[in-house]
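The residues making up each chain are set out below.
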Amino acid sequence: MGMTMTQKILAKHSGHDCVSVGDLLISQVDLILANDITGPPAIDEFDKIGKPVFDKNKIALVPDHFSPCKDIKSAEMCKHLRDFARQHEIKNYFEVGRMGIEHALLPDAGLIAPGEIIIGADSHTCTYGALNAMATGVGQTDVGAAMASGTTWFKVPKAIKVVLAGKKPRFVQGKDIILTIIGKIGVDGARYQSLEFCGEGISELTMADRFTICNMAIEAGGKNGIFPVDEKTIAFLQERGVTRSWQAVEPDADAEYDSILNIALDELVPVVAYPHLPENTHPAAESNNIIIDQSVIGSCTNGRLEDLAQAAEVLKGRKVHPHVRCIIIPATQEIYKKAMALGYIDIFIDAGAAVSTPTCGPCLGGYMGILAHGERAISTTNRNFRGRMGHVDSEVYLASPYTAAASAVLGHIADPREVLK
Amino acid sequence: MSKVWRYGDHVDTDVIIPARYLNIADFKELSEHAMEDIDTSFAANVQAGDIMVAGRNFGCGSSREHAPIVLQQKGIKCIIADSFARIFYRNAINIGLPALEIGKEVEKIEAGDELTVDLAKGEINIVNKGITIHTNPLPEFVQKIADAGGLINFVKGAQ
Chain A
1 MGMTMTQKIL AKHSGHDCVS VGDLLISQVD LILANDITGP PAIDEFDKIG KPVFDKNKIA
61 LVPDHFSPCK DIKSAEMCKH LRDFARQHEI KNYFEVGRMG IEHALLPDAG LIAPGEIIIG
121 ADSHTCTYGA LNAMATGVGQ TDVGAAMASG TTWFKVPKAI KVVLAGKKPR FVQGKDIILT
181 IIGKIGVDGA RYQSLEFCGE GISELTMADR FTICNMAIEA GGKNGIFPVD EKTIAFLQER
241 GVTRSWQAVE PDADAEYDSI LNIALDELVP VVAYPHLPEN THPAAESNNI IIDQSVIGSC
301 TNGRLEDLAQ AAEVLKGRKV HPHVRCIIIP ATQEIYKKAM ALGYIDIFID AGAAVSTPTC
361 GPCLGGYMGI LAHGERAIST TNRNFRGRMG HVDSEVYLAS PYTAAASAVL GHIADPREVL
421 K
Chain B
1 MSKVWRYGDH VDTDVIIPAR YLNIADFKEL SEHAMEDIDT SFAANVQAGD IMVAGRNFGC
61 GSSREHAPIV LQQKGIKCII ADSFARIFYR NAINIGLPAL EIGKEVEKIE AGDELTVDLA
121 KGEINIVNKG ITIHTNPLPE FVQKIADAGG LINFVKGAQ
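Line by line, the protein sequences are chains A and B.
Under this note's numbering, the first residue of the first sequence carries the number 1, and numbering increases by one thereafter.
Under this note's numbering, the first residue of the second sequence carries the number 1, and numbering increases by one thereafter.
Since the hints were derived computationally from the structure, they do not count as laboratory data.
All clues given are correct.
Using C-beta positions, here's what the derived DEER-type ranges look like:
| no. | chain 1 | residue 1 | chain 2 | residue 2 | range |
| --- | --- | --- | --- | --- | --- |
| 1 | A | Lys337 | B | Glu101 | 43 to 49 Å |
| 2 | B | Gly122 | A | Lys184 | 30 to 36 Å |
| 3 | B | Gln47 | A | Pro275 | 31 to 37 Å |
| 4 | B | Pro137 | A | Ser20 | 17 to 23 Å |
| 5 | B | Thr132 | A | Asp47 | 39 to 45 Å |
| 6 | A | Glu250 | B | Lys3 | 50 to 56 Å |
| 7 | A | Ile260 | B | Glu107 | 27 to 33 Å |
| 8 | B | Lys3 | A | Gly50 | 36 to 42 Å |
For glycine and all other residues, C-beta sits at the position ideal for the given N, C-alpha and C.
The task is simple: from the sequences and hints, build the whole structure.
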């Protein structure tokens, strides 16, 4: 029996020629990630083992969630992470000022290559599947153990084949594609499974689209999402200085899939996921009666340069609605600089938006844009669970940067075509 | 016998322990906020040895291990659900908190029921209803982690 892309990567890292669904494996890992929330307890677990780190070059520590530190408690946690990084000479520790949101930062820093296995104590680690890597979120105990052993355990997942066909309409972005998929299969539709993307429609997608799509595989319950390599992937890797040898994987023709999902890109429209689950997907054009208090554009899902370009296209020469706070967060310092050079930051500030240094902040209700009782935000982030961005009685609607920016201008949820005719 | 705390589908890790408290490094202090966004009575009233029972996709969302940790801290000895989100399941196993996936059988268990659970036999008894539910034993590899008392001890033992 043939293997999927995910199964091939797992087999190679576990010393097997072939693996089957349900096999339990011990696999070598190529990179291990933790942040300021999950890193400190992972370090505490690591210390219990009493071994040195397996490879100081294969651990990435990124203080991005509550950092730059929002209070004394988060400062103590960041200090714990920093002290560990210094003590063990961790090469890829990213300090404030050089730090970015981890899942935008690591690919941009050239730390991810096709065919690799990356585990991270952050559920959105699955983002890196856009680069044909097998990447998945784990807990802090897993990370603590792997920092010592360089290995982790996996169960070989079943797979859903997602076939993308046709041409992507102008205002439909990666976010609309993945929200539409989650709307179809549900928040547990891919539970314990890999989402394996294929089809000629992939060539329509920018790398930013692919990162956004893989990022939210977890919101369908998926173990990971993964794309094949094409010329756009190779160009991205070259631009990011990935010179080490890597081996891309393609699915076997007779790979086994639990189900097949066909997505006709031509038929998609800008969508919004209503509270309190990412599967509550509705067309943005049918959501005009929903008044918003805040619009957040950023995060590991949608804080890349292409995302900021969409926001700039909408906000150029326009104003944020007087009743709306619009908060825009470039995901890394490099993206921030490029956005500045392209004039986006001027456009945002002239429109009346707040622009912040990179942080996960508002996405998880940490800081930098917390909602009060009864308030409502449209957001390019990834979760709209109850209380996710603040008060337990606040609401989050998930959308693309185009849709979030158009909504910021009009003061209610809006299809981007209402602003950009 | 154990008291049942019963919840529905898609209980996410943001409600098990809201991110706004994740700057608290002390797990005992953190656990005082467990479940508060959907059940303000839980943290104050849960007793050591109680069991949490839920529907589909329990523990979806963030990878934060703080979620199973705070439930364990509050004395929850076992979680039974129709199904679990994979990272939560993995985390529960890794910290030595039994998580039993029993599908639709879970609908037989209601709030206030009294349970006994025999993990070795894979038997759940709803004592007040006289119902016995049989579950699949844990996979052998996962059982080894559980027997070691969690992943860290398992890794230490493998050295």
